[in-house]
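Here the protein sequences come in this chain order: D and R. Residues 3 to 165 (my numbering) are what the first sequence spells out, left to right. Residues 0 to 262 (my numbering) are what the second sequence spells out, left to right.
If you're looking for bench data, these hints aren't it; they were derived computationally from the structure. Everything numeric in this text was worked out from a predicted model, so none of it was measured. Positions of the beta carbon are idealized from the N, C-alpha and C atoms, including for glycine. Careful, some of the hints might be misleading.
[Unchecked claim] One-sided and incomplete, this derived list gives chain R residues near chain D with beta-carbon spacing under 7 Å:
1. L66
2. L71
3. L77
4. Q81
5. Q85
6. S96
7. Y115
8. L232
[Said to hold, decoys possible] Simulated crosslink set (EDC-like; lysine to aspartate or glutamate; CA at most 20 Å straight-line):
9. R:K229 x R:E27
10. D:K10 x D:E88
11. D:K10 x D:D26
12. D:K37 x D:E53
13. R:K28 x R:E174
14. D:K112 x R:E122
15. R:K26 x R:E151
16. D:K37 x R:E122
17. R:K167 x R:E151
18. D:K112 x D:E88
19. D:K77 x R:E122
20. D:K77 x R:D78
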Amino acid sequence: MTERVAEKRALRGSSVFQTLSDTDLETIARLAVEKEYEAGAVIFRQNDAAEEIFLLREGKVALQMQLSGPRQMSKSVTVDMLTTNEVFGWSAIVEPHVYTLSAVCLQRAKVLAINGTRFGSLLQENQSVGYAVLNKLIGVVASRLIETRHLLISERLWNPKVE
Amino acid sequence: MKNRTTRVVLASEYPEVRYRLGGLVKKEKGSVVVGEAANSVTATTLARSLRPDVVIMDSRLPYLEGLDTVALSRVGGLDAAQAISQEIQSTRVILVSNLDTNVFGQRYLSPDHEVYLSRQTAEGSVPLTLREVSDLALQMSVPIFANVETQEPKSFREQVAEDGVGGKALLIVIENSDRARLLGIFAVIGGLGLIATYILAPIGMALAAIGAGALLLGVAGKGATALWYKSLLRKKSRRAEEAPEESEAVSSSTHTDNKYWCV
């Protein structure tokens, strides 16, 4: 049981899990395994089956969207860059459980990989944990949405074609 | 072909970072900065037109313009690095991802601070040289993920020992100069102490005089060594500069002397 101390501490460091009780953190920690990736490694690819939700413990990860254009011109566009304590791979707890983006390590990364199916069941069974986690996740999603809107608006304002 | 110049394009939004990266390039023998870009669109355009051997790119790079309050406007580094790596097979792209913490994260980074590239491995970070990067297999179409490390400036003695200019004799002179200075200081203090006792004053005066002599010798020794060392370095770098220029003139006649400042 003592070996879960590191995982619990890591979970506590993330804004998504920090309000949970020690017992709840321990339950989630039991669903998690620590993984390491080299710089440049792909943690998951867009359209892969989403089986795990991740907490970044060390390093930097870029989330990229694959755009396929005409004549096999495919292009990767980075939509976010994550640093320590950020959670990614939410598709593992949201239907249809397919990753909508790819995650690429910009630096050697240490992550906590939480089993998506078992974590999803936990959120359903323990509604106070479910509410607390989803409430925080919505906060993170909302702040990213606001940032994206700022970016969209500023680009429209600066683009000389849009007047 | 052995001494071919490694032509480098630097890409970072911040002039301070480009300056630091430029210093890193300058330090490597036979490497030259041929262009600078402050956003990913310019970096890609420069890579296409100049076909450099290496592009060093900050991963936090705006596409065109960075908004100070929006972090999302600075996520263009990886995309540009991937695009250049796939499109221009002869160009190696080094994507650096810790510049925000390592260059801006430090309160005071003097111009003398050592800056070098490194690769993270399971065993720790390994230094990465531009020559090593440009010699990598040409079919490699993915960026090289790296970090920039900084190090405290080296002391004069460490610098001489590392450069190997002047050989062991120079190190012996430096060591003995330091020793003479230290002994001189002790002798002067001891001599002054003896003068104060009045009876042993003549011995004290002699000791203080010897000490002052040793101190002067130490200071002058180190000063002269430093001057001599600088002149040796100048000669060495002049020789190094002359050599690659000749070979570059044979291997390629374009872009070598042109520096494109598209920022």
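Structure versus earlier hints, numbers of those that do not hold, lowest first: 5, 7, 8, 13, 17 and 19
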